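There are 4 protein chains.
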Amino acid sequence: MKPRLMTPGPTPVPEETLLELAKPVGYHRSSEAKAILAEVSEDLKYVFQTKNPVVTLTSSGTGGMEAAVSNCFSAGEKVILLIAGRWGDRWRNLAKAFGLNAVVVEVPYGKAIQPAQLEEALKAHPDAVGVFATLSETSTGVGHDIAAFGKLVTATPAILVVDAISGLGCMECRTDEWNIDVNVTGSQKALMLPPGLAYVSISDKAKARIDANQSSKTFYFDLKKYLSKIAESDTPFTPANTLIKAQRVSLQRIRKEGIENLWARHARMARAARAGVQAMGLHLFAEQPNNGLTVITVPEGVDGNAVLSKIEKQYGIKLANGQDNMKGKIWRMAHMGYLDLFDVLAALSALELVLHEVGFLKEVGPGVAAAQQALAAKA
Amino acid sequence: MKPRLMTPGPTPVPEETLLELAKPVGYHRSSEAKAILAEVSEDLKYVFQTKNPVVTLTSSGTGGMEAAVSNCFSAGEKVILLIAGRWGDRWRNLAKAFGLNAVVVEVPYGKAIQPAQLEEALKAHPDAVGVFATLSETSTGVGHDIAAFGKLVTATPAILVVDAISGLGCMECRTDEWNIDVNVTGSQKALMLPPGLAYVSISDKAKARIDANQSSKTFYFDLKKYLSKIAESDTPFTPANTLIKAQRVSLQRIRKEGIENLWARHARMARAARAGVQAMGLHLFAEQPNNGLTVITVPEGVDGNAVLSKIEKQYGIKLANGQDNMKGKIWRMAHMGYLDLFDVLAALSALELVLHEVGFLKEVGPGVAAAQQALAAKA
Amino acid sequence: MKPRLMTPGPTPVPEETLLELAKPVGYHRSSEAKAILAEVSEDLKYVFQTKNPVVTLTSSGTGGMEAAVSNCFSAGEKVILLIAGRWGDRWRNLAKAFGLNAVVVEVPYGKAIQPAQLEEALKAHPDAVGVFATLSETSTGVGHDIAAFGKLVTATPAILVVDAISGLGCMECRTDEWNIDVNVTGSQKALMLPPGLAYVSISDKAKARIDANQSSKTFYFDLKKYLSKIAESDTPFTPANTLIKAQRVSLQRIRKEGIENLWARHARMARAARAGVQAMGLHLFAEQPNNGLTVITVPEGVDGNAVLSKIEKQYGIKLANGQDNMKGKIWRMAHMGYLDLFDVLAALSALELVLHEVGFLKEVGPGVAAAQQALAAKA
Amino acid sequence: MKPRLMTPGPTPVPEETLLELAKPVGYHRSSEAKAILAEVSEDLKYVFQTKNPVVTLTSSGTGGMEAAVSNCFSAGEKVILLIAGRWGDRWRNLAKAFGLNAVVVEVPYGKAIQPAQLEEALKAHPDAVGVFATLSETSTGVGHDIAAFGKLVTATPAILVVDAISGLGCMECRTDEWNIDVNVTGSQKALMLPPGLAYVSISDKAKARIDANQSSKTFYFDLKKYLSKIAESDTPFTPANTLIKAQRVSLQRIRKEGIENLWARHARMARAARAGVQAMGLHLFAEQPNNGLTVITVPEGVDGNAVLSKIEKQYGIKLANGQDNMKGKIWRMAHMGYLDLFDVLAALSALELVLHEVGFLKEVGPGVAAAQQALAAKA
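Chains as they are written, first to last, in full-length UniProt numbering: chain F, 1 to 379; chain E, 1 to 379; chain U, 1 to 379; chain S, 1 to 379.
It is worth saying that the hints were derived from the structure and are not from the lab.
The structure presented is a predicted model; accordingly, all values stated were derived computationally and were not measured.
Ideal Cβ placement from N, Cα and C applies to all residues, glycine included.
Please note that a few of the clues may not be correct.
Claimed, not checked - Derived DSS-like pairs: lysine-lysine, alpha-carbon spacing no greater than 30 Å straight-line:
hint, chain 1, residue 1, chain 2, residue 2
1, E, Lys2, E, Lys310
2, E, Lys362, E, Lys225
3, F, Lys23, E, Lys318
4, S, Lys217, E, Lys78
5, E, Lys318, S, Lys225
6, S, Lys2, E, Lys225
7, U, Lys51, U, Lys205
8, F, Lys23, S, Lys2
9, E, Lys123, E, Lys207
10, U, Lys151, U, Lys207
11, S, Lys78, E, Lys310
To be verified - Output of the computed footprint for chain F on chain S, the stretches with three or more beta carbons under 8 Å from beta carbons of chain F:
hint, stretch
12, 6 to 19
13, 221 to 230
Build the full structure now, drawing on both the sequences and the hints.
Following this line, the structure appears as structure tokens:
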């Protein structure tokens with residue numbers, strides 16, 4: 001059995017990156033370590049498509065989200081939260097923990113927040129100082145139109161804070177051009193590294209808020225310290241330096257492929273996934289699906305959990321179940337990280353074989369054939 | 001680009017086996033080293049399906065073939081060579097190098113030696129003391145009916161020597177039940193290790209010939225020494241001990257899957273490959289194809305070399321070209337080693353996409369769909 | 001050049017642990033992942049010598065310290081800080097960031113806080129609700145008598161919070177027996193892992209404070225969440241799961257050696273280091289040196305920075321310089337992590353050779369000979 | 001316990017070389033594979049100090065020795081064997097296996113063959129067509145004066161064949177300048193790789209003998225084929241291609257250090273080993289010790305096997321015992337491969353501690369101190 005990890009994080013990591021992690025550990029304050037962090041920081045800017053600094057935190061992605069909340073805002077300040085699923089909810093919980101005055105714009109699972117909704121909220125709340133959005137809502141497979149959000153927010157005093165944790169690197173995301181002030185991602189999604197690092201880009205507009213914030217109660221996630229240290233390619237606290245060194249290897253791979261080619265390849269994979277799934281008579285759960293994962297509604301009469309379990313046990317492919325009360329109702333097939341076209345085909349093949357085995361499909365072939373046709377089609 | 005190596009050796013090696021190779025090197029005469037060799041030798045017997053000793057040589061598979069020739073026979077002795085391709089030719093060259101009196105039974109590339117041909121040769125040459133055959137002729141994709149050969153040879157004074165280098169582990173091969181006296185394989189095919197080790201099983205009938213042979217001129221490949229040492233789980237010369245330690249890991253994987261399941265899985269993969277290829281309108285080159293690789297005749301009007309090159313450059317999949325004067329005339333898609341059903345599907349997908357791109361196929365889909373149907377069919 | 005990393009974090013990591021990091025990445029919510037975390041948590045309890053839960057945070061050690069401060073205390077509460085160097089200062093900065101009312105007991109660099117000083121402070125401040133101490137003050141090499149501190153604090157309503165980041169695992173530390181309420185350590189010191197994980201044990205007394213704390217502003221470091229999740233062998237946020245898996249391997253090594261043997265071995269290494277250093281006519285900087293590192297006063301007339309540089313460039317051994325204004329005034333030779341007796345001897349040999357080269361020592365030999373005698377002596 | 005392998009093969013391998021072995025396996029006939037073999041071949045010429053081709057065989061070092069014997073000589077030809085121990089004996093056994101007419105010049109274990117002895121033999125046997133010598137006789141620790149041998153042989157029609165398996169790379173050896181016609185070494189000694197490859201350099205004088213040899217019975221070790229293939233950076237049979245790729249990494253390390261610096265470093269290590277051993281009151285077994293290993297006579301009244309066992313079990317250091325009837329009579333401490341000065345110090349320290357423990361030494365210190373002084377001394 002050859003395992004294929006197709007969950008929306010962690011994702012498969014290239015062998016050369018993994019082997020980098022097996023090298024002897026070095027000192028994190030050496031000039032070599034600084035040169036590595038400098039290179040990683042530059043390559044992160046490229047992946048973020050930003051000229052602003054990108055800081056590296058040793059934490060889960062949620063640590064990066066907390067850094068954004070705790071540094072940029074004071075208790076009581078008004079912010080607009082755009083919530084379309086579980087990860088939007090994380091913004092809600094963070095806002096609550098730090099006492100922000102949250103205005104919530106929310107849509108049901110499977111739907112996407114529309115720019116018009118944000119426009120209305122901004123009008124109704126001209127005193128809002130922040131807007132929180134989610135690039136790829138992995139709980140539902142929805143992708144948001146961050147470019148449109150940015151156009152709206154940039155015209156206001158508010159800053160746009162984006163959770164791009166599972167989207168950055170596998171779908172178009174232009175931090176500067178799209179006016180994202182604070183962009184947060186993690187190492188374990190499209191950046192092809194194990195979990196452990198969060199990355200946060202900070203615009204001048206956001207920086208001004210951070211500098212002005214007197215009430216922030218944080219030490220480990222104090223972005224002022226990280227910004228000051230990254231200017232000399234250093235970190236305020238002992239970082240997960242072997243992860244940083246390995247991130248360099250995966251980033252070099254991204255550089256080599258080219259960020260736009262990377263986006264195009266994921267778009268091709270996503271088209272194939274969607275075509276294959278629909279050819280099996282299944283339905284996409286997200287109204288506005290993103291290119292990092294394909295979320296499928298479990299059809300009536302099929303035991304969603306059993307199908308996933310069979311796919312894993314018989315074919316070694318790990319898809320993700322729905323989370324919380326979505327469990328058993330959707331299947332989440334991620335195609336981000338060190339995966340290629342043929343891994344998508346493998347997942348579709350296994351899904352089709354199991355759906356045949358459990359009697360949902362009379363015959364197999366149309367699913368993989370439709371995916372194959374999508375692969376052959378010009379974009 | 002994610003590389004997939006689908007040549008008939010070397011083949012992909014599981015990550016856990018590769019990582020075993022990265023462990024600190026140990027002493028090859030320690031009790032731990034002997035325990036490892038003992039375990040490997042037992043597991044090799046299981047894979048060979050033999051109760052006879054299997055010795056481990058540090059060499060290519062050809063070294064194992066030479067050991068069989070130089071130890072079991074003296075110059076001038078008559079042997080029958082069954083030749084159906086380039087690897088059968090290796091027996092011819094070895095026989096020549098060691099001065100054997102070779103009777104050649106030969107068929108054109110793509111054909112298989114039939115048991116009746118051997119029967120006739122044995123009748124015509126009752127003084128033959130050896131018969132040399134090839135389990136999987138990887139230059140053409142042919143598989144031979146070794147069981148039938150064994151039934152014929154066992155009734156004579158001759159011993160049956162088989163080159164099972166690229167077949168053992170991915171197609172049925174029952175050394176004892178099929179009366180194979182000397183069975184030779186290499187580490188880098190279905191046994192999921194890099195090249196560097198050859199394995200040779202030796203029956204009592206073969207052992208008697210080796211013991212009686214006074215004229216053998218060999219030292220490094222002296223099987224008497226290896227047999228004597230393996231009895232105490234040792235080797236006469238410093239072996240490639242890290243490869244042996246890693247072989248243990250891959251053999252444990254085979255043990256866990258079970259040898260008959262392994263054969264069945266490769267049969268399933270081979271059926272899918274053949275179905276997919278034929279659904280693309282292509283023809284199988286071998287009249288009697290084996291389960292370790294599928295050899296395809298390059299169709300008229302298609303540049304065979306260019307197609308392989310595109311498959312590799314655009315899709316990362318390395319298929320093998322024909323060798324020598326077969327170059328450009330056949331494509332060889334191996335499905336042995338650490339590969340699964342979906343790697344076969346990947347290769348078919350890439351082949352179909354490229355054949356579409358170069359204009360040979362009007363549309364894509366039928367190839368992968370047919371393979372998928374073969375995967376779903378009961379064996 | 002064979003590098004030897006002898007800084008007080010990161011430290012060398014065993015090869016088998018590093019290779020664990022190179023294995024394919026798995027899903028962090030699988031039952032296998034939970035079993036691994038369960039095992040790691042049990043082994044951490046053993047290393048901590050506690051029956052209380054030990055939670056795993058994905059962060060630097062400082063993240064663990066922040067978790068202790070932000071969860072157990074509210075702004076304005078009075079705490080006693082025992083400060084003997086740079087790491088004691090970290091408690092000061094954290095207390096300040098979170099608005100605690102800090103009573104500082106401080107000694108100059110090189111000195112240790114004495115139990116009597118704490119006793120006095122506790123008497124003077126009966127309303128103190130917390131005491132913060134440092135097991136191994138790596139900026140000076142001092143070790144503190146935490147057992148004595150614990151005896152004093154346990155009789156009061158205050159909780160004892162200890163930074164054991166660079167000491168736990170290389171010097172005696174009995175969390176429960178010594179009445180440590182919150183004990184914090186990191187992965188990258190004696191626990192033989194790269195940086196990226198912090199571990200925090202929490203006593204019932206501390207738990208009561210955490211539960212009662214209404215004003216805590218934290219989300220990522222919310223210990224209530226970690227405690228609740230660890231009860232089911234899970235984590236609230238995506239953890240650095242490959243580090244956790246690798247930590248298991250290093251912890252198994254510690255289990256096998258036995259925690260008391262580990263302490264004894266480090267004591268032996270430390271005795272050898274101190275004997276060797278003193279035999280070279282050098283002076284120990286710490287009045288109460290600990291067993292994890294030996295800090296040496298740079299003698300008059302010797303260029304401290306140049307000596308370290310020569311040791312690294314000529315002999316591959318990385319010792320640590322003093323930090324901040326101690327730079328060039330002390331040398332810090334750590335002997336924690338995957339290092340053995342002979343690595344200490346190597347560092348002493350290199351130091352002696354360089355001190356001879358720069359003219360400080362007339363002859364070499366006495367340093368390594370004294371270390372060797374210390375190694376031979378009964379403890 | 002941190003293991004240190006100090007046997008004369010296999011030897012420790014650098015981590016970066018080991019990790020190269022864990023990379024995915026590639027195809028051995030690709031242009032990338034040829035480029036790697038080309039680079040390795042060039043670097044081997046540098047290490048051998050030759051302009052002649054150096055071929056790579058997949059075998060133990062003995063395979064390289066057999067290739068020299070079987071290719072360069074015909075049965076019945078007269079050769080002179082210089083035998084000073086077990087590895088000289090290997091030449092004797094090979095000569096016997098291939099029917100050569102051997103003239104033996106032999107000295108007792110611990111002694112070295114003197115040039116005068118060879119001179120005399122050459123005079124007595126002007127019809128000798130080959131001379132076989134051993135650079136480092138690892139069974140006794142003796143080093144031979146190959147330069148002097150070469151001067152004598154080059155003036156005759158005979159070719160000089162040298163077993164440099166355990167010496168090349170850790171002691172001076174100038175193939176061309178010293179007139180070595182066939183120089184054989186293995187991967188697992190000073191070249192810092194696991195076992196599995198043998199390397200053979202071939203002079204024009206040797207090549208002429210090979211080309212003229214009609215009676216050679218070999219196929220796998222046919223040097224004509226290897227020479228012809230290496231000219232296009234290829235090999236006649238599937239080589240252990242992952243070992244070749246890893247050899248590149250270790251050879252790059254040697255290139256970086258510089259061959260003369262490498263020799264000088266080993267000389268320094270050997271001086272320290274000899275000084276340390278003698279300061280413990282022990283005697284060197286070899287009258288003319290080489291720089292790759294130090295062989296020590298077990299003193300009267302000491303159980304040689306028990307001491308080695310204690311050194312390994314208590315201190316993790318693996319020294320080699322004497323072989324065959326030398327077992328228990330000598331200790332062999334190798335200092336070749338990926339080892340540095342401090343590993344020698346470690347071995348001396350462990351030996352001294354154990355000799356103290358078993359009562360042979362009254363006190364410890366003089367051994368390591370003497371080694372330290374040798375390290376400090378100008379060469």
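Hint compliance check: list the failing hint numbers for this structure, sorted ascending. The structure breaks hints 2, 6, 11, 13; every other hint is satisfied.
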